[in-house]
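There are 2 protein chains.
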Amino acid sequence: MNAEIITIGDELLRGEIVDSNKARIAERLLLHDLDTRHQVSVLDDPADMRDAFVRAAERSDFVLVSGGLGPTRDDLTTEVLAEAFGRKLELHEPSLAAIETFFARVGREMVEANRKQAYFPEGADVLENPIGTAPGFSIREGRATFFAMPGVPRELDRMMDEQVLPRVAARLAAEEEGGAARRVVRAQLLATFGLGESTLEEELRDLMRDGDVELGFRTAFPDNFLRPVARAATATEADAKIAEAVAAIRDRLGPVVYSREEGIGATESKDTMESVVGYLLAEAGKTVATAESCTGGLIAERFTDVPGSSQYFLGGVVSYSNEAKAAMLGVPEEMLETHGAVSEPVVRAMAEGVRDRFGSDFGIATSGISGPDGGTPDKPVGLVWIALASDAGTHADSFVFQVDRSRHRRLTAQVGLDWIRRSLIGAELVGPSLLRRGGGGSTPGAGGASSGAERAKAGAGPRARGTAGGER
Amino acid sequence: MNAEIITIGDELLRGEIVDSNKARIAERLLLHDLDTRHQVSVLDDPADMRDAFVRAAERSDFVLVSGGLGPTRDDLTTEVLAEAFGRKLELHEPSLAAIETFFARVGREMVEANRKQAYFPEGADVLENPIGTAPGFSIREGRATFFAMPGVPRELDRMMDEQVLPRVAARLAAEEEGGAARRVVRAQLLATFGLGESTLEEELRDLMRDGDVELGFRTAFPDNFLRPVARAATATEADAKIAEAVAAIRDRLGPVVYSREEGIGATESKDTMESVVGYLLAEAGKTVATAESCTGGLIAERFTDVPGSSQYFLGGVVSYSNEAKAAMLGVPEEMLETHGAVSEPVVRAMAEGVRDRFGSDFGIATSGISGPDGGTPDKPVGLVWIALASDAGTHADSFVFQVDRSRHRRLTAQVGLDWIRRSLIGAELVGPSLLRRGGGGSTPGAGGASSGAERAKAGAGPRARGTAGGER
Numbered sequence: 002m003n004a005e006i007i008t009i010g011d012e013l014l015r016g017e018i019v020d021s022n023k024a025r026i027a028e029r030l031l032l033h034d035l036d037t038r039h040q041v042s043v044l045d046d047p048a049d050m051r052d053a054f055v056r057a058a059e060r061s062d063f064v065l066v067s068g069g070l071g072p073t074r075d076d077l078t079t080e081v082l083a084e085a086f087g088r089k090l091e092l093h094e095p096s097l098a099a100i101e102t103f104f105a106r107v108g109r110e111m112v113e114a115n116r117k118q119a120y121f122p123e124g125a126d127v128l129e130n131p132i133g134t135a136p137g138f139s140i141r142e143g144r145a146t147f148f149a150m151p152g153v154p155r156e157l158d159r160m161m162d163e164q165v166l167p168r169v170a171a172r173l174a175a176e177e178e179g180g181a182a183r184r185v186v187r188a189q190l191l192a193t194f195g196l197g198e199s200t201l202e203e204e205l206r207d208l209m210r211d212g213d214v215e216l217g218f219r220t221a222f223p224d225n226f227l228r229p230v231a232r233a234a235t236a237t238e239a240d241a242k243i244a245e246a247v248a249a250i251r252d253r254l255g256p257v258v259y260s261r262e263e264g265i266g267a268t269e270s271k272d273t274m275e276s277v278v279g280y281l282l283a284e285a286g287k288t289v290a291t292a293e294s295c296t297g298g299l300i301a302e303r304f305t306d307v308p309g310s311s312q313y314f315l316g317g318v319v320s321y322s323n324e325a326k327a328a329m330l331g332v333p334e335e336m337l338e339t340h341g342a343v344s345e346p347v348v349r350a351m352a353e354g355v356r357d358r359f360g361s362d363f364g365i366a367t368s369g370i371s372g373p374d375g376g377t378p379d380k381p382v383g384l385v386w387i388a389l390a391s392d393a394g395t396h397a398d399s400f401v402f403q404v405d406r407s408r409h410r411r412l413t414a415q416v417g418l419d420w421i422r423r424s425l426i427g428a429e430l431v432g433p434s435l436l437r438r439g440g441g442g443s444t445p446g447a448g449g450a451s452s453g454a455e456r457a458k459a460g461a462g463p464r465a466r467g468t469a470g471g472e473r
Numbered sequence: 002m003n004a005e006i007i008t009i010g011d012e013l014l015r016g017e018i019v020d021s022n023k024a025r026i027a028e029r030l031l032l033h034d035l036d037t038r039h040q041v042s043v044l045d046d047p048a049d050m051r052d053a054f055v056r057a058a059e060r061s062d063f064v065l066v067s068g069g070l071g072p073t074r075d076d077l078t079t080e081v082l083a084e085a086f087g088r089k090l091e092l093h094e095p096s097l098a099a100i101e102t103f104f105a106r107v108g109r110e111m112v113e114a115n116r117k118q119a120y121f122p123e124g125a126d127v128l129e130n131p132i133g134t135a136p137g138f139s140i141r142e143g144r145a146t147f148f149a150m151p152g153v154p155r156e157l158d159r160m161m162d163e164q165v166l167p168r169v170a171a172r173l174a175a176e177e178e179g180g181a182a183r184r185v186v187r188a189q190l191l192a193t194f195g196l197g198e199s200t201l202e203e204e205l206r207d208l209m210r211d212g213d214v215e216l217g218f219r220t221a222f223p224d225n226f227l228r229p230v231a232r233a234a235t236a237t238e239a240d241a242k243i244a245e246a247v248a249a250i251r252d253r254l255g256p257v258v259y260s261r262e263e264g265i266g267a268t269e270s271k272d273t274m275e276s277v278v279g280y281l282l283a284e285a286g287k288t289v290a291t292a293e294s295c296t297g298g299l300i301a302e303r304f305t306d307v308p309g310s311s312q313y314f315l316g317g318v319v320s321y322s323n324e325a326k327a328a329m330l331g332v333p334e335e336m337l338e339t340h341g342a343v344s345e346p347v348v349r350a351m352a353e354g355v356r357d358r359f360g361s362d363f364g365i366a367t368s369g370i371s372g373p374d375g376g377t378p379d380k381p382v383g384l385v386w387i388a389l390a391s392d393a394g395t396h397a398d399s400f401v402f403q404v405d406r407s408r409h410r411r412l413t414a415q416v417g418l419d420w421i422r423r424s425l426i427g428a429e430l431v432g433p434s435l436l437r438r439g440g441g442g443s444t445p446g447a448g449g450a451s452s453g454a455e456r457a458k459a460g461a462g463p464r465a466r467g468t469a470g471g472e473r
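Each protein sequence line maps, in turn, to chains E and Y.
Residue numbers are given in the numbering used here: position 402 of the first sequence equals residue 403, and the series is strictly consecutive.
Residue numbers are given in the numbering used here: position 423 of the second sequence equals residue 424, and the series is strictly consecutive.
Hints were generated in silico from the structure; no laboratory data involved.
All values reported here derive from a predicted model rather than from experimental measurement.
One should not assume that every hint holds.
Heads up, the list lumps identical chains together, so a pair's fine if it works in one copy or across two of them.
Unchecked claim - 25 angstroms max Cα-Cα, derived SDA-like pairs, lysine to any residue:
| hint | residue 1 | residue 2 |
| --- | --- | --- |
| 1 | K271 | G217 |
| 2 | K271 | F222 |
| 3 | K271 | R408 |
| 4 | K117 | E203 |
| 5 | K287 | A175 |
Looking at chain E on its own, in the form it has when it is part of the complex:
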């Protein structure tokens, strides 16, 4: 069996908005072991919509339609679906009552056009929309079960989860020899930082020989996500397979995996680097303060993005100017003059200064040249010094990240956060490794990087650089 997704709306075909509904629908179907074979977008045009519906009814078992259920004249999904398959429109009294209740609750006036949203093709199975005015519906046409859903993402997601997926599962179970033929699918998402995608693939290749577990890779700079998907006859078996795969990956990659808990699905990860660091800090009863130059507040911003972070994040200084480094962090002015702001002594003094002034357990500091300008022959664009001060002493290293300004800042912040994490779990404080890339397609990852230590080993000066990461 296969699925088709049809999204409707002029704004999609004009490129005014990026259509993320298709990805979220497809991902959810895949977790029911249902592959999406076609995705189509059409204008709010009855002829084009009709064509798309008729063609989908011929070639697909499940047709997920999003958009065109609103109250305006442009919202034609219900009418066109009814007309395409020779059905009349019928008033659904409970939906009319629900729409009236909705407007009363949010204190908005219900206009005549909203009544339209209570009409459905005859024989339709109405799908509740508890958080919006447009109910959805389902009709069966030959081999195809159509589901018409609103285009507003949060309404769509809820209707998929609560109304559509149970119906999809029921039909799959009913039609396939009592459900026995259909496999149970489980997926989990593991976030990693520090290795490029091609290196991860190499490291994990032999683990993925089991035909029942498929390993997906996804990059969201500067992280790489691993997504094992397991299929089995029973839920117990699928759960066991996925647990085994996750354990093997964790064993192989060690601290490169930073997720504490496995996120279900492909697009949602429960753990972010900052939430993991925050959890570990809270668990250890430790606190942190930040001294940021090139990252300009990004590390502090990420810490404080996590609810409850006031428990372990005391604050920070964005010392963009040399005067601020001296006045707010106590970096000696002669040190700034002798070594320059982007130097090992200065970044160490920043980390130690902020730790001292905020009275925190950890002090993390960054100073670098994110570009596009500001480089010199000795200190090229991309050079960054990072330091972590704690009661174990101060660790500092330099990197040359050959990526654009925004990525340079994000990558530097991620290394800073990762060092705190590594320190708390007793792992080595390393930076992202030099990205290795094969001759195949672009396999982006943590961006090209070489650390000061690596450069020293190679006998190269600070200008030695990795290649820039690709992009997808």
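The hints should help you fit chain Y onto chain E, whose structure is shown.
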């Protein structure tokens, strides 16, 4: 004439990535007055790809294909397009040389699979790819001109702009009576902050009576973007129409429009709030420092995201704890005890303290309860105090933003930046107005908000709240 976009890749149909290529292609075509009528995504499957190509050749004049040009076995676009239309594959020597040069330049080894990328269907017009290994190509089949392009966004964008759009324009001009029938299209993007979408529509309704100028709206929280699109017989006429529309909008909305320069197209704005504020600060020779509590470094991060910001951004303090507010900003401890951290006296002392310590012209401070926890009956979740200190004195106001934590922080940061902008252009320091919403679809905007001043007028306490903004 119409266009069709076909994107190819299993990862799209599994929902692993959100396909933004379609929107960027469609937007660029629209600026050539070419409407996209169909968007289709298919698996890396020869039969499905062939079906899509053959159907597109029947119904579309321009077919923009993205993906499937890489070196792997899954990359089948070239082979399937050739086979579908009975063409042989031919080696294109200049492309082979270009691919060899590319690998030599980036210092990677060229594998045999990359040679495949130098073969094209006979009769193809090869499209250069200066930043990747996969050249594109164009073939004409009956009414349809196919353009096959890589799926990597930045390679695709560049090929569209440099190779594809000129060919599209040439065909359009050649086939339509010497080009006279085709209208010239101009679009511009204006960023606004402070009014909801429905309010903007009301304010501008009478300006949009001219049938040759269409006004589009787009929301990217917390901003709203206006996009007038003008069509005319000549470029001069279209430019004049758009200039007139932009002037009328600016005249009507005043400082609510924050773009300095108009961005071309729907998805790219040259000016961000932080770049505009930075430009105005640099122009005036003024400097700024930040004292952030609830925004946690977000304002500093946005300032420093702009290249060259060290000219006017001196630095800041993220004073998340009360101790930091006292030690780093000089907020009196008894003031913190008496009034609490989220209070007018404290936020004023923060703004004045940071201005004093950094020696800046402006000091901007935030202190609020972004949630989800931490509210009290007197100080509910959503309450925020913002202060701007300058040589004109210190302005402070409070708001209750009934949005989630992330939006609360983003909205607060935007008000802070906007106040600096308004101060520099001599406009009133106001916050986002209460969002007004009609009975139609969701019209999101700056989020529900009520300022302290508004609440005082209404005789309501600090718990008076607007409704939360919608989402699309």
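Now for the hints, and whether the structure bears them out:
1. When the C-alpha separation of K271 and G217 is checked against a cutoff of 25 angstroms, the pair qualifies only within one copy, where the shortest distance is 18 angstroms, while the shortest distance between copies is 36 angstroms.
2. When the C-alpha separation of K271 and F222 is checked against a cutoff of 25 angstroms, the pair qualifies both within a copy, at 17 angstroms, and between copies, at 23 angstroms.
3. In the homo-oligomer, the alpha carbons of K271 and R408 lie at most 25 angstroms apart both inside one protomer (23 angstroms) and across protomers (19 angstroms), since each shortest distance falls under that limit.
4. For a Cα distance limit of 25 angstroms, the shortest separation of K117 from E203 across copies, 24 angstroms, qualifies, whereas the shortest one inside one copy, 56 angstroms, does not.
5. In this assembly of identical chains, the alpha carbons of K287 and A175 never lie at most 25 angstroms apart, being 54 angstroms within a copy and 71 angstroms across copies at closest.
When each numbered hint is compared with the structure, a violation occurs for hint 5 only.
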